[in-house]
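Trainee: Listed here are the chains, written in short residue letters.
There are 2 protein chains.
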Amino acid sequence: MEQMIPTVAVRHLGEHVDNTVRVRGWLETKRSSGKIAFLLVRDGSGKVQAVASRKELSEAAWEAVSTVTQESTVSVVGNVHADSRAPGGYELHVSDAVVEQQVEDYPITPKEHGTAFLMEHRHLWLRSSKQRAALAVRSEVSHAIRDFFYRREFTLIDSPILTPAACEGTSTLFETDYFGDPAFLSQSGQLYLEPALAAFGKVYCFGPTFRAEKSKTRRHLMEFWMVEPEIAFLEFDGLCALAEEFVRELVGRVLDNCREHLDVLERDVSKLEAIDGTFPRITYREAIEILKAEGQEIEFGDDFGGEHETILASRFERPVMVTRFPAAMKAFYMQPDPEDPEVALGVDLLAPEGYGEIIGGSQRIHDHDFLLARIEQHELPLSAFQWYLDVRRYGTCPHSGFGMGLERFVAWMCGLKHLRETIPYPRMLYKIYP
Amino acid sequence: MEQMIPTVAVRHLGEHVDNTVRVRGWLETKRSSGKIAFLLVRDGSGKVQAVASRKELSEAAWEAVSTVTQESTVSVVGNVHADSRAPGGYELHVSDAVVEQQVEDYPITPKEHGTAFLMEHRHLWLRSSKQRAALAVRSEVSHAIRDFFYRREFTLIDSPILTPAACEGTSTLFETDYFGDPAFLSQSGQLYLEPALAAFGKVYCFGPTFRAEKSKTRRHLMEFWMVEPEIAFLEFDGLCALAEEFVRELVGRVLDNCREHLDVLERDVSKLEAIDGTFPRITYREAIEILKAEGQEIEFGDDFGGEHETILASRFERPVMVTRFPAAMKAFYMQPDPEDPEVALGVDLLAPEGYGEIIGGSQRIHDHDFLLARIEQHELPLSAFQWYLDVRRYGTCPHSGFGMGLERFVAWMCGLKHLRETIPYPRMLYKIYP
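For the record, the sequence lines run as chains A and B. According to the numbering used here, the first sequence holds residues 1 to 434 in order. According to the numbering used here, the second sequence holds residues 1 to 434 in order.
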């Protein structure tokens, strides 16, 4: 009659209390005496402790539970008991057990391993508790991002990865041969979103982007996912409000749906709960004054370093929005502030706790001749921008957008210092395996 | 008092009947006499007819509406009237109008244009009704795909685009230099999903994939989006059931949420409504017999051509699932049928109406030594597959998955013959602009 026992996901054991079910998964850890064995079984949806007593098992089943090794594939049949002390709230009282594959010498043991070793074994490291938790948060945040825009009636416009021309120099671009012509892997979908505004009004893209930067910091990946909304007729203040609403909603969703993962990551949740409310806004000019007062050597026109961001962010519990950067510092397409044309209507959102910039956005220049002049000032190849200028030639409108790197946001949520743990298969300097 | 007039999206005019609102958008078409003008205004959320009467307008406003040109940016203030004859059900009775940008010589006029011309102007062609409709369907389908897996508790595992080794030969791969080593743009995330099963049980990826194929057909793109689920402990029959459930749910969602777009595309909706129900399943062996009986010259071991797929699909109103292909024909990782080892436990789902294969899937080989033998038989570089073999070495389990190309599915939904209209910026042979 064994085939009538339902296989149940650990996450759903609570729906089967006092019933006999089967759990199939992997053995995470085991403790046993000669009479009783405790197996921690993981099936991808959760973990459950299976308690096996020698006197209640067949000889074969006891042999299975008492010899099973770490990461072996197991099939365990048992009765579901509610037990508030058990992780997850339920325990399995085992009546039968089979080892589907007995594993020899799983490389990642409960002892400490170096990062280089773990990165070489990323395909197995994924199974470790903290890695699972971080990637589960990533999965939830990804969907929350899409829900945010879907519910607000944005149209998803997948921007291309293969692009013919470099926006701003080719030194940090991956290049490939496209049937005889050079092509480059995209660093941003923005230029492809703007033409879609006259068709859809509100659009976004969310896909992989690439940066061939010879840098080896914990805050850079060669391949990362970026979400970029772009909105017709939206001006600068509206953009700042949207970015704030976006971040607040995502944080709320993580708090609502990822508590167990944050626990595993030992994240101080109170830091995230403090995000609920209006975000402080300071101008770049004010930021420079603050940094000078803190003894930093920085002048109008200088970009912030990591330390500057940390100083600024540490003054606030919530993310701080720094606005109105020197136009000369920023991308050619940013709209100058009409009241202070030396600065551009751009915004960077700095996360608390030293997580740095997670959003950068701006109102875009929508006047054709002005944008043309900027392209020429920046000595960009005009022929490559004709189609982009067409957006200003044919029915232009004020518009704004921002970009947020998924990995940086997830690192902040999870309290992870290094981006490499926020993406399943990180691509770093000289690191492309597996 | 003008600043108190709310700007309203056309889609939401119904919430403002008998009130005065502002619509900002683009002039699609205009008809006018000396006394009255009908403007069709598009704002990305929809289109509304704005009716302007000379005697009710200021001189400046009448001048604006009577001289405004195609694709000019307009701001129209008026009273919302419910009118069942109007497209969308509402009309705007104009009290004021401003042309924000008057456009000269918009390249795409209501007359016919050749495809080459339209493709060169893809960034503007996006505004045309049918293009908008197709991309709106794409956006809805994309979100429906993610909802499908999110609701079923799959974890999103973004597979990398930059990969170190070619799965199956490099002839159709885009190559780039990765800090001195060759890297290739991914054709599938499957190999990266399988290791994540022991961590998450049910996973999927959905991102851009690349194929550098020197072919110029209406059914190929160099860059396209593919969704790939992979499920631990799922065997072949379960996989077929999942693929069927998936397609049925997506079709249902398109029928529920995209009626207006299907109307614009003049899609015969009855063909899609017929999808609701069990999908017929035939084996490859049966398919060969059917094709032979139809007079086709085809033998066991031959792959289907487009014509074969059309013949098979035309026998059914619903998608047909062709199963159990000759193992020699298919990828090295497919599990053979234990009852007929000459064939593999693979399935292709063929859409009706000649839209061809939209899903391909299989149960994967989970035995280590058997997979190793297959890798050697296929003369694949063993060193590149050690990490993939680790999935079988450490806690292997039966598992299955499939892949679906987004553009093919959208083409079927929209009744479009050519994939190029199902993606915002198609990448085709020698075509990478804009």
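Incorrect hints may have been included.
[Stated by the list, open to error] DEER-style ranges, computed between Cβ atoms:
{"hint": "1", "chain 1": "B", "residue 1": "Leu382", "chain 2": "A", "residue 2": "Arg281", "range": "39 to 47 Å"}
{"hint": "2", "chain 1": "B", "residue 1": "His220", "chain 2": "A", "residue 2": "Phe300", "range": "46 to 54 Å"}
{"hint": "3", "chain 1": "B", "residue 1": "Pro164", "chain 2": "A", "residue 2": "Thr170", "range": "53 to 61 Å"}
{"hint": "4", "chain 1": "A", "residue 1": "Arg281", "chain 2": "B", "residue 2": "Asp367", "range": "32 to 40 Å"}
[As the list claims (entries may be wrong)] Rough simulated footprint, nothing fancy, chain B against chain A, three-plus residues with beta-carbon under 8 Å:
{"hint": "5", "region": "137-145"}
{"hint": "6", "region": "199-212"}
{"hint": "7", "region": "292-306"}
{"hint": "8", "region": "330-342"}
{"hint": "9", "region": "421-431"}
[Unchecked claim] In silico negatives: residues of chain B with every beta carbon more than 12 Å from chain A:
{"hint": "10", "residue": "Arg85"}
{"hint": "11", "residue": "Arg138"}
{"hint": "12", "residue": "Asp263"}
{"hint": "13", "residue": "Phe279"}
{"hint": "14", "residue": "Gly306"}
{"hint": "15", "residue": "Glu307"}
{"hint": "16", "residue": "Arg315"}
Just so you know, these hints were derived from the structure itself, not from any lab. All figures in this text were calculated on a predicted structure; none of them were measured in a lab. Beta carbons are placed, not taken as given, at the ideal position from N, Cα and C, and that holds for glycine.
Trainee: Now tell me, hint by hint, if it's right for this structure.
Mentor: Against the structure, the hints:
Leu382 of chain B and Arg281 of chain A have their C-beta atoms about 57 Å apart, which leaves the hinted 39 to 47 Å range violated. Under the hint 46 to 54 Å, the C-beta atoms of His220 of chain B and Phe300 of chain A, about 53 Å apart, fit the expected range. The beta-carbon spacing between Pro164 of chain B and Thr170 of chain A, approximately 23 Å, falls outside the hinted interval of 53 to 61 Å. A C-beta distance of roughly 60 Å is found between Arg281 of chain A and Asp367 of chain B, which places it outside the suggested range of 32 to 40 Å.
For the region 137-145 of chain A, the stated coverage by chain B holds: 4 residues have a C-beta nearer than 8 Å to a C-beta of that chain, and at least 3 were required. As drawn, the region 199-212 of chain A meets chain B at 8 residues by the rule of a beta-carbon pair under 8 Å; at three or more, the given contact holds. Counting residues of the region 292-306 of chain A whose CB lies closer than 8 Å to any CB of chain B gives 0, which falls below the minimum of 3, so the coverage claim is violated. Figure legend: the region 330-342 of chain A, annotated as covered by chain B; annotation inconsistent (0 residues with Cβ-Cβ distances under 8 Å, at least 3 required).
Residue count for the region 421-431 of chain A with a Cβ under 8 Å from a Cβ of chain B: 6. That meets the three needed, and the coverage hint holds. For Arg85 of chain B, the condition that its CB be more than 12 Å from all CB atoms of chain A holds, with the nearest at approximately 25 Å. Listed as a non-interface residue, Arg138 of chain B fails to keep its Cβ farther than 12 Å from every Cβ of chain A; the least gap is roughly 7 Å. With a least beta-carbon separation of about 17 Å from chain A, Asp263 of chain B lies farther than 12 Å from that chain, consistent with its non-interface assignment.
The Cβ of Phe279 of chain B sits about 25 Å from the closest Cβ of chain A, beyond the 12 Å cut-off, so the non-interface label holds. With a least beta-carbon separation of about 23 Å from chain A, Gly306 of chain B lies farther than 12 Å from that chain, consistent with its non-interface assignment. Residue-level check passed: Glu307 of chain B sits 28 Å from the nearest beta carbon of chain A, beyond 12 Å. Every beta carbon of chain A lies more than 12 Å from that of Arg315 of chain B, the smallest distance being close to 34 Å; the non-interface claim holds.
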